[in-house]
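Asks: Following the hints, put chain B in place on chain A, whose structure we already have.
So you can see what is in the structure, the chains are spelled out below.
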Amino acid sequence: MNGSTTSTVPDVIAAEASASVERKLARVPLVLSNRNFSWITERIAGVNEGAAPRWWWVTFSISSLVAAIGLFCLGYQISTGVGVWGLNHPVGWAWDITNFVFWIGIGHAGTLISAILFLLRQKWRTSINRAAEAMTLFAVICAAIFPGVHVGRVWMAWFLAPVPNNYGIWPNFRSPLLWDVFAVSTYFSVSVLFWYTGLIPDLGTLRDRAKGKLQKLLYGIFALGWRGSNRNWRHYEMAYLLLAGLSTPLVLSVHSVVSFDFATSVIPSWHTTIFPPYFVAGAIFGGFAMVLTLLIPARAIYKLHDIITPGHVDKMAKIILLTGTIVSYAYAMEFFIAWYSGNQFERYSFYNRIFGPYWWYWWVGMLFCNFVAPQLFWFKRFRFNIYIVYFVCMCVNAGMWFERFIIIVGGIHRDFLPSSWGMFHATWVDIWTFIGTFGIFMSLFLLFIRWLPMIAMSEVKIVLPEADPHHHATPEGHHPVAAGGMERTQ
Amino acid sequence: MANFFPRWSNWLPLKILVCAGVTVTALTAATWYYATPKYTRVGYEPIQPNPFPHDIHVQQLGMDCRYCHSFVDVAAHSNIPDTQTCMACHSQVQKDNPKLEPVRVSWKTGAPVEWVQIHRTPDFTYYNHAAHVNRGISCHSCHGQVNEMRVVHHDQPHSMAWCLDCHRNPENHLRPNDQVYNLDWKPGDVNPAEFVAKYGQPKDAKEDFSKKQKLTQQEIGQTLKERWNIQPPLNCQGCHR
Numbered sequence: 001m002n003g004s005t006t007s008t009v010p011d012v013i014a015a016e017a018s019a020s021v022e023r024k025l026a027r028v029p030l031v032l033s034n035r036n037f038s039w040i041t042e043r044i045a046g047v048n049e050g051a052a053p054r055w056w057w058v059t060f061s062i063s064s065l066v067a068a069i070g071l072f073c074l075g076y077q078i079s080t081g082v083g084v085w086g087l088n089h090p091v092g093w094a095w096d097i098t099n100f101v102f103w104i105g106i107g108h109a110g111t112l113i114s115a116i117l118f119l120l121r122q123k124w125r126t127s128i129n130r131a132a133e134a135m136t137l138f139a140v141i142c143a144a145i146f147p148g149v150h151v152g153r154v155w156m157a158w159f160l161a162p163v164p165n166n167y168g169i170w171p172n173f174r175s176p177l178l179w180d181v182f183a184v185s186t187y188f189s190v191s192v193l194f195w196y197t198g199l200i201p202d203l204g205t206l207r208d209r210a211k212g213k214l215q216k217l218l219y220g221i222f223a224l225g226w227r228g229s230n231r232n233w234r235h236y237e238m239a240y241l242l243l244a245g246l247s248t249p250l251v252l253s254v255h256s257v258v259s260f261d262f263a264t265s266v267i268p269s270w271h272t273t274i275f276p277p278y279f280v281a282g283a284i285f286g287g288f289a290m291v292l293t294l295l296i297p298a299r300a301i302y303k304l305h306d307i308i309t310p311g312h313v314d315k316m317a318k319i320i321l322l323t324g325t326i327v328s329y330a331y332a333m334e335f336f337i338a339w340y341s342g343n344q345f346e347r348y349s350f351y352n353r354i355f356g357p358y359w360w361y362w363w364v365g366m367l368f369c370n371f372v373a374p375q376l377f378w379f380k381r382f383r384f385n386i387y388i389v390y391f392v393c394m395c396v397n398a399g400m401w402f403e404r405f406i407i408i409v410g411g412i413h414r415d416f417l418p419s420s421w422g423m424f425h426a427t428w429v430d431i432w433t434f435i436g437t438f439g440i441f442m443s444l445f446l447l448f449i450r451w452l453p454m455i456a457m458s459e460v461k462i463v464l465p466e467a468d469p470h471h472h473a474t475p476e477g478h479h480p481v482a483a484g485g486m487e488r489t490q
Numbered sequence: 001m002a003n004f005f006p007r008w009s010n011w012l013p014l015k016i017l018v019c020a021g022v023t024v025t026a027l028t029a030a031t032w033y034y035a036t037p038k039y040t041r042v043g044y045e046p047i048q049p050n051p052f053p054h055d056i057h058v059q060q061l062g063m064d065c066r067y068c069h070s071f072v073d074v075a076a077h078s079n080i081p082d083t084q085t086c087m088a089c090h091s092q093v094q095k096d097n098p099k100l101e102p103v104r105v106s107w108k109t110g111a112p113v114e115w116v117q118i119h120r121t122p123d124f125t126y127y128n129h130a131a132h133v134n135r136g137i138s139c140h141s142c143h144g145q146v147n148e149m150r151v152v153h154h155d156q157p158h159s160m161a162w163c164l165d166c167h168r169n170p171e172n173h174l175r176p177n178d179q180v181y182n183l184d185w186k187p188g189d190v191n192p193a194e195f196v197a198k199y200g201q202p203k204d205a206k207e208d209f210s211k212k213q214k215l216t217q218q219e220i221g222q223t224l225k226e227r228w229n230i231q232p233p234l235n236c237q238g239c240h241r
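In order, the protein sequences belong to chains A and B. Read in the numbering used here, the first sequence has 147 at position 147, and its numbers run on one by one without any break. Read in the numbering used here, the second sequence has 14 at position 14, and its numbers run on one by one without any break.
Next up, chain A with everything else stripped away, as it sits in the complex (with noise of 0.2 Å):
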């Protein structure tokens, strides 16, 4: 068709007319400043290779800190009993599985953003997606502690895995709480082998330039023997792809998973099939809240703003506005069931959520935060300003915390019976617990951010207009249009 067109015109006028529509139709590039291969190697590998800032000392002595009082009351709880927790009957789940739900929601935008985007071809998720997977690895390992502590004897958590044994039992695999185990350890280990494959590439860089002899001799064995050949990279991208298309299901059924430890149960406000994609959505939202607290802060430390530009901020809040949407439609589906489905439990559930001793957190958490304050996202300058963006991401944060809270505790602290009826409070060593695993979360965070490449260089420099074949460096060499211009944008 283009062939035909242009034939018929002067190759003067069409190139006129080129030129005009590349103005109006070029998108924002996805890297800005007209930055090149070797500015983008500098500042990010430059992380790593200078001295750690003093800030970064600070925020890692405040945030080891809080992961060893974290550490501590697990010891404790440990050695106590789970009694030491602000747990008892009616209420047998309360922070433990709240904080579990919360963490590995958090790890599901990392794995959205480095699988299913990269099936899609979504460019712009190379200037996010290593921080985005390293985000993943230490919220599954906070989300993994709770379980594994809650079950008061740890040292019998081993009978979660199938191991043949003396005492002639095995895991009942008709319990959802079993095939938490199998999801969550299967998720955990593909994030790790997705997230070390994207960063070989870069690790050969960091290897190439190091000074020191320890750096080099650590680089190097992670790099594997990275050499940049035309075979390394071929194998490399192979492989990529295959992990991307082995955590595609990870994204829909880890989270379909942990819903399911609800949702198999007879409690009135659990016992729901909206659950599996509720918890979806709800997680890619917290996840993507997530990735914005922690990026939006790094990159203004270390002046990435032509990388994380307020283009993928402004994509990113678009997906908190959509995931947002859709876990308001089921806040709003599971009043409207409660009340077509005539069930009386089911009904006083959903009213006790909203006027019952736990209202608050409906009208704050559900209402306000979930709800109310990403409806900013409708409109492009809010998209535009990071205050407000900030500002949304941390409702969006303590929200979906909230959330999980109601539906766990709000689930069973009226039982059927009204003599069985209870409030749970949480102790101490609850709420440290809890921060401690923030001070983890932070501290592995800061680690990462200190020791490798925090936004993946290899893949950045792919999506630059440099990388594409058909780049000329002067926009007058042959069709700069056609190709060139839309290579180089998203």
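To be clear, the hints were calculated from the coordinates, so they are not data collected in a lab. Keep in mind the model is a prediction, meaning the values are calculated, not measured.
Derived DSS-like pairs: lysine-lysine, alpha-carbon spacing no greater than 27 Å straight-line:
| id | chain 1 | residue 1 | chain 2 | residue 2 |
| --- | --- | --- | --- | --- |
| 1 | A | Lys461 | A | Lys303 |
| 2 | A | Lys380 | A | Lys315 |
| 3 | B | Lys15 | A | Lys216 |
| 4 | B | Lys198 | B | Lys186 |
| 5 | A | Lys213 | B | Lys15 |
| 6 | A | Lys303 | A | Lys123 |
Chain B regions said to be covered by chain A (calculated; three or more residues, Cβ under 8 Å):
| id | stretch |
| --- | --- |
| 7 | 3-14 |
| 8 | 158-167 |
From the three backbone atoms N, C-alpha and C, an ideal C-beta is built for every residue, glycine too.
Replies: Leaving out everything else, chain B in the frame of chain A:
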């Protein structure tokens, strides 16, 4: 700085992987074999203060298990006999045998003989001897051929898997009530016609058991299981109360 990994390091990851694989496999296999009651408990044969020979007492003298272990069919615990039980005979028989010195000392001082316990049921496990021996589980199923033991040893693993093995398939061990203390009993000893007259046969049996030459353990066990309505507990609380 130049790359300083030598050529031989190219194969190092593979070598490490192979070594790690071999080590893990060997460790797993060794644990599987050496760290289970099949190895750690079976064959345990401590030196007793007084070498009580079960073979002489049961085989030569024809004593019943219950003469000494007198509460086994009426109590959860199967007792080790007290000195008085020994002296009931040994005040007359073999009364100067030097091997019986610890028993005579105990008789004089009143301090019990300190037998070394061989079969040990953990505190968190409830086990009732009477419930088993009164429903066709022989001493032999758990303690082995004690009637032939000069010195008693641990014959069966007594692991939880081993317990459950029988609780899941009790027909492999059930025998007629009057043969529980006969440690030499074999399924072939049963007269099919008499057995069927006394206990009947399973509902879904394909042939008439009374017409058979011999009955197998499964046929006997299945008959008794249905006759006595045997449903061994398989839930945790059955034994961990």
